[in-house]
Amino acid sequence: GENVEQHPSTLSVQEGDSAVIKCTYSDSASNYFPWYKQELGKRPQLIIDIRSNVGEKKDQRIAVTLNKTAKHFSLHITETQPEDSAVYFCAAPPGYNDMRFGAGTRLTVKP
Amino acid sequence: DSGVTQTPKHLITATGQRVTLRCSPRSGDLSVYWYQQSLDQGLQFLIQYYNGEERAKGNILERFSAQQFPDLHSELNLSSLELGDSALYFCASSPGLAGYNEQFFGPGTRLTVL
Numbered sequence: 049g050e051n052v053e054q055h056p057s058t059l060s061v062q063e064g065d066s067a068v069i070k071c072t073y074s075d076s077a078s079n080y081f082p083w084y085k086q087e088l089g090k091r092p093q094l095i096i097d098i099r100s101n102v103g104e105k106k107d108q109r110i111a112v113t114l115n116k117t118a119k120h121f122s123l124h125i126t127e128t129q130p131e132d133s134a135v136y137f138c139a140a141p142p143g144y145n146d147m148r149f150g151a152g153t154r155l156t157v158k159p
Numbered sequence: 036d037s038g039v040t041q042t043p044k045h046l047i048t049a050t051g052q053r054v055t056l057r058c059s060p061r062s063g064d065l066s067v068y069w070y071q072q073s074l075d076q077g078l079q080f081l082i083q084y085y086n087g088e089e090r091a092k093g094n095i096l097e098r099f100s101a102q103q104f105p106d107l108h109s110e111l112n113l114s115s116l117e118l119g120d121s122a123l124y125f126c127a128s129s130p131g132l133a134g135y136n137e138q139f140f141g142p143g144t145r146l147t148v149l
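Top line first, the protein sequences correspond to chains V and R.
The first sequence begins at 49 in my numbering and counts up by one.
The second sequence begins at 36 in my numbering and counts up by one.
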């Protein structure tokens, strides 16, 4: 149980619209669900994370929701801006040490 | 700046050669993770060390090996290099175990195998 599926692989939205990226995981041992943003040519950086005892978490224009029963979690970005354009990775570590990322979603925000 | 350093920034070498990539974690972080990112690809987890001990292995080839030293810096050794090994190699550190903690990524080492 180590797969993390992420959809869509690419997403294009108009500035000001919302963007939603979804991830599903298979290992029920996963309890921590981070989202990382990687701008072109740069390192990945954590933008938000959620733990399994919480169903939703918000930080300004970014929110993450978790459905542990269905084993999926989603990243929501509202009022998108051109600087939100990047590749977003979800992760669902199946244990204390292991690390598994989704394949990534390339988000383009058109001005 | 995440506080994680990686050297060298760029590395160009030939097939069949061996290279060593170096990573220094943030001060106080005990965990070091290595990842491979090929062009337009995701982050492939290679291996993790915690306080000098190997703790988890991902999709790491037998030609690759790593270690973490007493001062907590880590090295990733790639041998018998092939064209397909060309990629960006990231290391990341976290204070504890990445299963529950934010990871801080270094700037990466871009390896080109000719």
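Since the hints were made in silico from the structure, they are not lab data.
Possibly wrong hints are sitting among the right ones.
[Stated by the list, open to error] So the derived label-pair ranges between C-beta atoms look like this: (1) R:130 with V:116: 24 to 30 Å; (2) R:43 with V:68: 18 to 24 Å; (3) V:151 with R:45: 42 to 48 Å; (4) R:52 with V:87: 15 to 21 Å.
[Claimed, not checked] Straight-line Cα separation of at most 27 Å, DSS-like style, residue types lysine-lysine; simulated pairs: (5) R:44 with V:119; (6) V:106 with V:119; (7) R:44 with V:85; (8) V:119 with R:92; (9) V:116 with R:44; (10) V:116 with R:92.
Quick caveat, the model's predicted, so the values are computed rather than measured.
The beta-carbon is built from N, C-alpha and C at its ideal position, and this holds for glycine as well.
Taking the numbered hints from earlier one at a time, note which ones the structure violates and give those numbers from smallest to largest. Those not satisfied are hints 2, 3, 4, 5, 9.
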